[in-house]
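Undergrad: For chain V, the structure is supplied; the task is to place chain X on it using the hints.
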Amino acid sequence: MSDDATCSCPTPDTYAAKDFRSTLKPIWCPGCGDFGVVSAVYRALANIGRPPHEIAFISGIGCSSRIPGYTTAYGFNTVHGRALPIAQGIKMASPDLLVLAAGGDGDGFSIGGGHVPHAIRRNLDITYLVMDNQIYGLTKGQLSPTSARGTKTPSSLYGSIEDPVNPLLYVLAYGAGFVAQGIPGDMDGLAKLIEEAIRYPGFAFVNIQSPCITFGDPENQVKAQKAKMKKLTDLGHDSTNRLRAMDLASAYGTELYTGVFYRNPNPPETYDARIKQMQHDLAPQAKPLDQLLTLAT
Amino acid sequence: MLNDLIIGMAGSGGDGIVSAGESLINASAKEGYFAILTKSFGSQIRGGESSCRLRVSTLPVLNPGGTLDVAVVLNWEDFLRFGGELPVGPETIVIYEAKTKVAPDAVPLKVKPATILCVPLEEMAIKAAGTELAKNNVVLGLLAGWFGLAQKAIIEGIHKKFAKKGADVLAGNDRAFAAGLEYAAQNPFAQDKRLSPPAPGKHASKVLTDGNEMIGAGAIFAGCKFFGGYPITPASEIMQYLQKELYKYGGSVLQAEDEIAGVAAAVGASFAGKKAMTATSGPGLSLKTEVLGLSSLAELPLVCVNVQRGGPSTGMPTKPEQADLFAAAFSSHGDTVRPILAPIGVADCFEVTVEAFNIAEQYQTPVIVLSDQEIAQRKEIVDPVDTSKLKLVDRLRPNAQELENYTRFKLNDTGISPLSHPGMKGGAYLAAGIEHNEKGSPTASGEMHARMNDKRLNKLNPLKKRQDLFIIEGDADATIGLIAWGSIAGVALEAVRIARAAGIKIKVLVPKLVYPVAEDIYRDFFASLQHCIVVEQSHQGQLHKIIRMWVDTPKNFTAFAKSGANPITPEEVVQKIRALATA
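So the sequence lines, in the order shown, correspond to chains V and X. To convert a position in the first sequence, counted from 1, into the working numbering, add 315. To convert a position in the second sequence, counted from 1, into the working numbering, add 635.
Only chain V is shown next, with the shape it has when bound in the complex (with noise of 0.2 Å):
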């Protein structure tokens, strides 16, 4: 960028994981996914390589979306639901800036949901992480909208009576680019996953399966989910195939796979460059400022 101290440039510095911790002290419960789901940001920020300052860390309001605050990144921990239009307004601003959004599953698809598949269709260069644990954790353990049928929550006494969204399915049927799940339990496999997400030119999902310790299912936990994990590459899922990966995305809540449901081998153009090429386009019909009105003839 021209006009300020932003430098888009890749820098030829080495960060490492702990360059991307902040001093803030988690708010978290012990034990919470959230924890690891932190840990794989930074390390997969070290492996990008852009420095703290050139990147803008989004979320709306939960547990969750306390994350940016622990990163050394520019944080924005906004509004319930809206981190994913002003994270969409950061890159229009500053298209060289990395952007990450992060929210939980009631941000994202409960309150925020009609902001995904514009999102999606937009297609910012833009990574999306929701840190999916079925619960309200913050407002202490009410229902959300991917809790199971018949989850008892203390605004579901009797069982909920209304089927989940499924994040993957929703994500994958607007159109994503690039969609993937992970858990905190595989830390390895999550920051890959993560780095892939930003790496990836365009709009990228990355659902992870964090558990909520205090409200979640108890039977459902960080080690629990470790040994029900599947990996996509484990079964030669491929991919580039769209189809198959609605598929496999379709077992949402009862099988828990891991890895990249989908890559679109080739990647359209993103909003951002769009924008880039009209401002350039249309730069020669700027005006001088004081004559920006005049009486057509």
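Hints listed in this document are in silico derivations from the structure and should not be mistaken for laboratory results. Treat the hints with care, since some could be wrong.
Stated by the list, open to error - Derived EDC-like pairs (lysine to aspartate or glutamate); straight-line CA-CA distance at most 16 Å:
1. X:Lys879 to V:Asp411
2. X:Lys1060 to V:Asp334
3. X:Lys1024 to V:Asp605
4. X:Lys1197 to X:Glu1207
5. X:Lys1026 to V:Asp605
6. X:Lys883 to V:Asp411
7. X:Lys736 to X:Asp713
8. X:Lys736 to X:Asp704
9. X:Lys883 to V:Asp334
10. X:Lys734 to X:Asp704
11. X:Lys1060 to V:Asp501
12. X:Lys1100 to X:Glu1037
Said to hold, decoys possible - Listed next, with one range per pair, are the computed distances between beta-carbon atoms:
13. X:Ala820 to V:Gln606: 21 to 31 Å
14. X:Leu1046 to V:Arg464: 45 to 55 Å
15. X:Lys879 to V:Asp605: 12 to 22 Å
16. V:Asp334 to X:Thr1049: 46 to 56 Å
17. X:Leu1031 to V:Asp605: 46 to 56 Å
Stated by the list, open to error - Some chain V residues judged to face chain X by a derived CB distance under 8 Å, without partners named:
18. Ile363
19. Gly364
20. His368
21. Glu369
22. Thr387
23. Ala388
24. Phe391
25. Asn392
26. Val394
27. Ala598
28. Gln600
All C-beta atoms in this analysis are idealised placements derived from N, C-alpha and C, irrespective of residue type, glycine included.
TA: Relative to the frame of chain V, chain X by itself:
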């Protein structure tokens, strides 16, 4: 000869009435007049009744005016639907279509106008051009002939408009216009009703525009680099203008999936270090409220234009009202003050927008610009903006020393702490909607919350000393005063000029900074007053009530308030003033 002429015309959708109004104002601009063209439609998306009123003058026009000097009626049913928008008085010259088969002594008007002219408009059009479609050009010919309106420029306009439709169509419309002129010449008025020639000057430099376009242009001038919005009547043209223009100046526009996403993206762009704006109307303002609160708490500059329309809920989207003031001032949870600016006409929309950006940037706050449907969508001939007197303010950014141990929300005397943005090395911090300490870390400390509230609210105090954001006219020691804001201010200003010309001592205050209430400025204004009327286009008289929350008002402090879409005319306000002056 006249210096000021108000023409109202109404017909069905296909009659070309609005198009005739546009031809007239275009021609008037070219000849160097000032004018306002207000269009009004029924609620149909296409077709149905349509009308326009044009006020042309040799001097700058402050408002669309009241009673018509000339009424053009293509059919009575449509004309009468506009009621108070097209008021006919005893002096009005009424020109109507003979095809309506209404006898001149039986026209369905409450007031009997002195001059009633029944003209076979359609018959003349068919005779001249072979089609009834040309009847709006017959009307233009009549108006040009009787009232001396911009004949040459109208013909040029007709030629330009029909050039692509072939020589036959062009010649037909020329003949239709000539037929109107000829009719006027053969049926002259007893008294000369022609408009005086425009004042000499650089006519070619006049600008024909509307409030929405002026706001868009003002934003570009101010350095806006991002706009996020959603289509909504009557604000959409701001987004449309910027979509066409902003990329040329290195910016971009997001037509978002909803109102919330539009303002959210704008806050994001501001966080990224760029000047950003959103625009909407009432329902959209309701939806944007939470994110405006985020902008207040995270201290991120943002301009939000709200083009008021009739409300609540869907209300009357195509009609003006000034009833969003409470919403603009108070619709945030928590202790929040956001500055509200209001343009008074098309002419000042540009500089008010620039000022909104300046205040947003200087004080790191959301600023709401309260325009309204009247200003937003009427066409107005204005002098070009003198940009040499406008200065631009950018946010305070941290210097190298401040970046060594960057403290985003540093508590200091001004309450304005340097604001970094992503990309700035050493400036990384956590912006948040959650209360924070000076470093930006989340806090639940009551003491810190109180100190941050002090910072966010007190930093705006210097704004209340800004005399330049107020218009005060009239006799400083008058005992009668008026207050008006937004599009109604032009009505009040004209009323005061009429009253003073009649020998009444009076003064008027127009706040362009509507909120926070500038206590001292009102107090000074009130000092000499025994009576003060706040003139407003809202049922409750919202500014009248807001002023009373902060300032001791004169003993007789009343509101002359009308719900939206009920025009307030200078004549009515003058009547109110006379009543007080003779009491």
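Undergrad: If a hint holds in the structure, say so; if it doesn't, say that too.
TA: Checked hints:
no., hint, result
1, X:Lys879 to V:Asp411, "violated, 23 Å"
2, X:Lys1060 to V:Asp334, "holds, 14 Å"
3, X:Lys1024 to V:Asp605, "holds, 11 Å"
4, X:Lys1197 to X:Glu1207, "holds, 12 Å"
5, X:Lys1026 to V:Asp605, "holds, 12 Å"
6, X:Lys883 to V:Asp411, "violated, 19 Å"
7, X:Lys736 to X:Asp713, "holds, 15 Å"
8, X:Lys736 to X:Asp704, "violated, 23 Å"
9, X:Lys883 to V:Asp334, "violated, 39 Å"
10, X:Lys734 to X:Asp704, "violated, 23 Å"
11, X:Lys1060 to V:Asp501, "violated, 33 Å"
12, X:Lys1100 to X:Glu1037, "violated, 30 Å"
13, X:Ala820 to V:Gln606: 21 to 31 Å, "violated, 41 Å"
14, X:Leu1046 to V:Arg464: 45 to 55 Å, "holds, 51 Å"
15, X:Lys879 to V:Asp605: 12 to 22 Å, "holds, 19 Å"
16, V:Asp334 to X:Thr1049: 46 to 56 Å, "violated, 34 Å"
17, X:Leu1031 to V:Asp605: 46 to 56 Å, "violated, 26 Å"
18, Ile363, "violated, 15 Å"
19, Gly364, "violated, 15 Å"
20, His368, "holds, 5 Å"
21, Glu369, "holds, 6 Å"
22, Thr387, "holds, 6 Å"
23, Ala388, "holds, 6 Å"
24, Phe391, "holds, 4 Å"
25, Asn392, "holds, 4 Å"
26, Val394, "holds, 5 Å"
27, Ala598, "holds, 6 Å"
28, Gln600, "holds, 5 Å"
Violated hints, in rising order: 1, 6, 8, 9, 10, 11, 12, 13, 16, 17, 18, 19; the structure is consistent with all others.
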